[in-house]
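Engineer: These are the residues of each chain, in order.
There are 2 protein chains.
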Amino acid sequence: MRVIKTVKELKEFVRTEKKAGHQIGLVPTMGFLHEGHLTLANQARQENDTVIMSIFVNPLQFGPNEDFDRYPRNLERDEQLAASAGVDCLFTPDVEEMYPEPSIITMTVTARADKLCGVKRPGHFDGVVTVVTKLFHLAEPDKAYFGLKDAQQFAVIDGLVTSLNFPVEIVGVETVREEDGLAKSSRNVYLTEEERLKAPHLQKGLQLGVQAAKQGDKSVEEVIERTVSYLQDHTGAAIDYVELLSYPELDSLEKVQGKMILAAAVQYRKARLIDNIIFTVRGEC
Amino acid sequence: MRVIKTVKELKEFVRTEKKAGHQIGLVPTMGFLHEGHLTLANQARQENDTVIMSIFVNPLQFGPNEDFDRYPRNLERDEQLAASAGVDCLFTPDVEEMYPEPSIITMTVTARADKLCGVKRPGHFDGVVTVVTKLFHLAEPDKAYFGLKDAQQFAVIDGLVTSLNFPVEIVGVETVREEDGLAKSSRNVYLTEEERLKAPHLQKGLQLGVQAAKQGDKSVEEVIERTVSYLQDHTGAAIDYVELLSYPELDSLEKVQGKMILAAAVQYRKARLIDNIIFTVRGEC
Chain A
1 MRVIKTVKEL KEFVRTEKKA GHQIGLVPTM GFLHEGHLTL ANQARQENDT VIMSIFVNPL
61 QFGPNEDFDR YPRNLERDEQ LAASAGVDCL FTPDVEEMYP EPSIITMTVT ARADKLCGVK
121 RPGHFDGVVT VVTKLFHLAE PDKAYFGLKD AQQFAVIDGL VTSLNFPVEI VGVETVREED
181 GLAKSSRNVY LTEEERLKAP HLQKGLQLGV QAAKQGDKSV EEVIERTVSY LQDHTGAAID
241 YVELLSYPEL DSLEKVQGKM ILAAAVQYRK ARLIDNIIFT VRGEC
Chain B
1 MRVIKTVKEL KEFVRTEKKA GHQIGLVPTM GFLHEGHLTL ANQARQENDT VIMSIFVNPL
61 QFGPNEDFDR YPRNLERDEQ LAASAGVDCL FTPDVEEMYP EPSIITMTVT ARADKLCGVK
121 RPGHFDGVVT VVTKLFHLAE PDKAYFGLKD AQQFAVIDGL VTSLNFPVEI VGVETVREED
181 GLAKSSRNVY LTEEERLKAP HLQKGLQLGV QAAKQGDKSV EEVIERTVSY LQDHTGAAID
241 YVELLSYPEL DSLEKVQGKM ILAAAVQYRK ARLIDNIIFT VRGEC
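First to last, the protein sequences are chains A and B. The first sequence begins at 1 in the numbering used here and counts up by one. The second sequence begins at 1 in the numbering used here and counts up by one.
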């Protein structure tokens, strides 16, 4: 596996691969790899000739009071894990390499961003689409892989690709979970022992909500209330939001129908966890 | 020459060319082709295996009081001219094809746009970078060709490519002129006979200004005054602006030094004309 730190070297690597007629799969990450990331890499490995993984903690998508500085990093371990997952090229630029001079272009997400995590993270998705645009231009992937745990991120990137005609197929990969159902996340390391025991209830509450939604006689409000009530009773965390929206448009719903996402975020002492279920309810004909 | 009207067909065309290992040159235009455009096409023909020309009058870059509706169009003639210039694929989408649904991304130009033509055309360059981004993603060119008559546009696109790491080399092509020095422009057809006779003085005034700048003892203000005074006396048009700025950054100058642009816009009854000279004055060591 090649480890590349500069834009110049990455462009040369990509040019060589393209000339050889190789199809490129890109797995953009912020590092501190866990099984979720490796599942993305494995799928990319199966579907492409060349797999590029990027590790870049993107300052542009962190707010001033967020955890950019203390976001967990372990590049040495990441390199071993990426190599073992069959990654051909690990791109690990520093901030100066990705943002060498002030950009003359600002990208703003005007839909799908003002819901869910976007409410408390103004500008977050503007930072996401900017770095994804840069990574797409640098790695020129045929396919790019994103986890569906960050379902809003996937919806926004889906809209980015469609709106600006990127020649990239984006692939959403199912959330990888611990045995007890907790979604894998780099931020799980911040949970206390007690919090870790209760955290799987986040997914359980969402499953209950989806069950209610599929019964067919519940309103949007009833589905949300059912979920909120379970999360309050079992997670031991403060609820940030529980929302039921259309997917991937993330529009508000008048009734429980079509392709939807039930998503929640809860706040533990040092870790904010998110999870979701994307599901479909057919309406009456 | 293939004439393609849909995004789907263009993507298929590009995919085939890429698979064959062909280098692609793109010439983005708004049509009503003149010798300036054909010079771009000729250069693209010499430097690439495959030449794609786009013709698209982009509504996003016209202000509400600008000439989108009456911008001159003549697709039949354009097809003949493009074919004769060696274009392989003429992409002529309609507005619905380029903007099929509301975009979830807004692109804003935060530098190089608030000078020269940008002052009176707020949002103009936002529209330019958006359509150029879409065309770059659709045609996937190795090189893209732009005329230096629109020097500010070239500077903005240069900044777009650098800021977002587009894998495209942009090529600026010298302005093509009538025998009397008037820059070729689709908008020249709106000049009256009398205006047409006086219009070449736009370039003459700029030449005088550059001459003054190169003497080495003139201030920025003196260079501009010299130019303004000539244009006032000879063009018979209202002066919109005369500016001397660094190039391509388009920053204000404290003294006449380095790579610069002397640019002017003048308003005739039905036609607004722009022209410029890009030149370098070495400072003292």
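Just to be clear, a hint being listed does not mean it is correct.
One copy or any two copies: either way a pair holds, since identical chains are not told apart in the list.
Straight-line Cα separation of at most 27 Å, DSS-like style, residue types lysine-lysine; simulated pairs [unchecked claim]:
(1) K18 <-> K120
(2) K255 <-> K214
(3) K214 <-> K18
(4) K204 <-> K149
(5) K184 <-> K120
(6) K255 <-> K11
(7) K8 <-> K149
(8) K214 <-> K120
(9) K198 <-> K8
(10) K255 <-> K184
(11) K143 <-> K5
(12) K19 <-> K120
(13) K18 <-> K255
(14) K149 <-> K255
(15) K198 <-> K143
(16) K11 <-> K120
(17) K19 <-> K218
(18) K143 <-> K120
(19) K270 <-> K255
(20) K204 <-> K5
None of these hints come from the bench; they were simulated from the model.
Engineer: With reference to the structure, classify each hint as holding or not holding.
Structural biologist: Structure-based check of each hint:
1. K18 <-> K120: neither (41 Å within a copy, 43 Å between copies)
2. K255 <-> K214: within (12 Å within a copy, 72 Å between copies)
3. K214 <-> K18: Cα proximity of K214 and K18: none, with 46 Å in one copy and 47 Å across.
4. K204 <-> K149: Only inside one copy: K204 and K149 sit 15 Å apart there, 63 Å across copies, limit 27 Å.
5. K184 <-> K120: within (22 Å within a copy, 52 Å between copies)
6. K255 <-> K11: neither (48 Å within a copy, 38 Å between copies)
7. K8 <-> K149: neither (32 Å within a copy, 31 Å between copies)
8. K214 <-> K120: neither (29 Å within a copy, 56 Å between copies)
9. K198 <-> K8: Neither. Shortest intra-copy (46 Å) and inter-copy (49 Å) distances fail the 27 Å Cα cut-off.
10. K255 <-> K184: Intra 31 Å, inter 59 Å, cutoff 27 Å: neither.
11. K143 <-> K5: both (22 Å within a copy, 26 Å between copies)
12. K19 <-> K120: For K19 and K120, the Cα distance exceeds 27 Å both inside one copy (44 Å) and across copies (45 Å).
13. K18 <-> K255: neither (48 Å within a copy, 46 Å between copies)
14. K149 <-> K255: Close inside one copy (24 Å), not across copies (56 Å); limit 27 Å.
15. K198 <-> K143: Answer is neither: 36 Å inside a copy and 56 Å across each miss the 27 Å cutoff.
16. K11 <-> K120: Neither: 36 Å inside a copy, 38 Å across copies.
17. K19 <-> K218: neither (56 Å within a copy, 52 Å between copies)
18. K143 <-> K120: Result: close neither inside a copy nor across copies, 30 Å intra and 41 Å inter.
19. K270 <-> K255: Neither: 36 Å inside a chain and 55 Å across chains, both beyond 27 Å.
20. K204 <-> K5: neither (41 Å within a copy, 50 Å between copies)
Going through the hint list in order, the structure does not satisfy hints 1, 3, 6, 7, 8, 9, 10, 12, 13, 15, 16, 17, 18, 19, 20.
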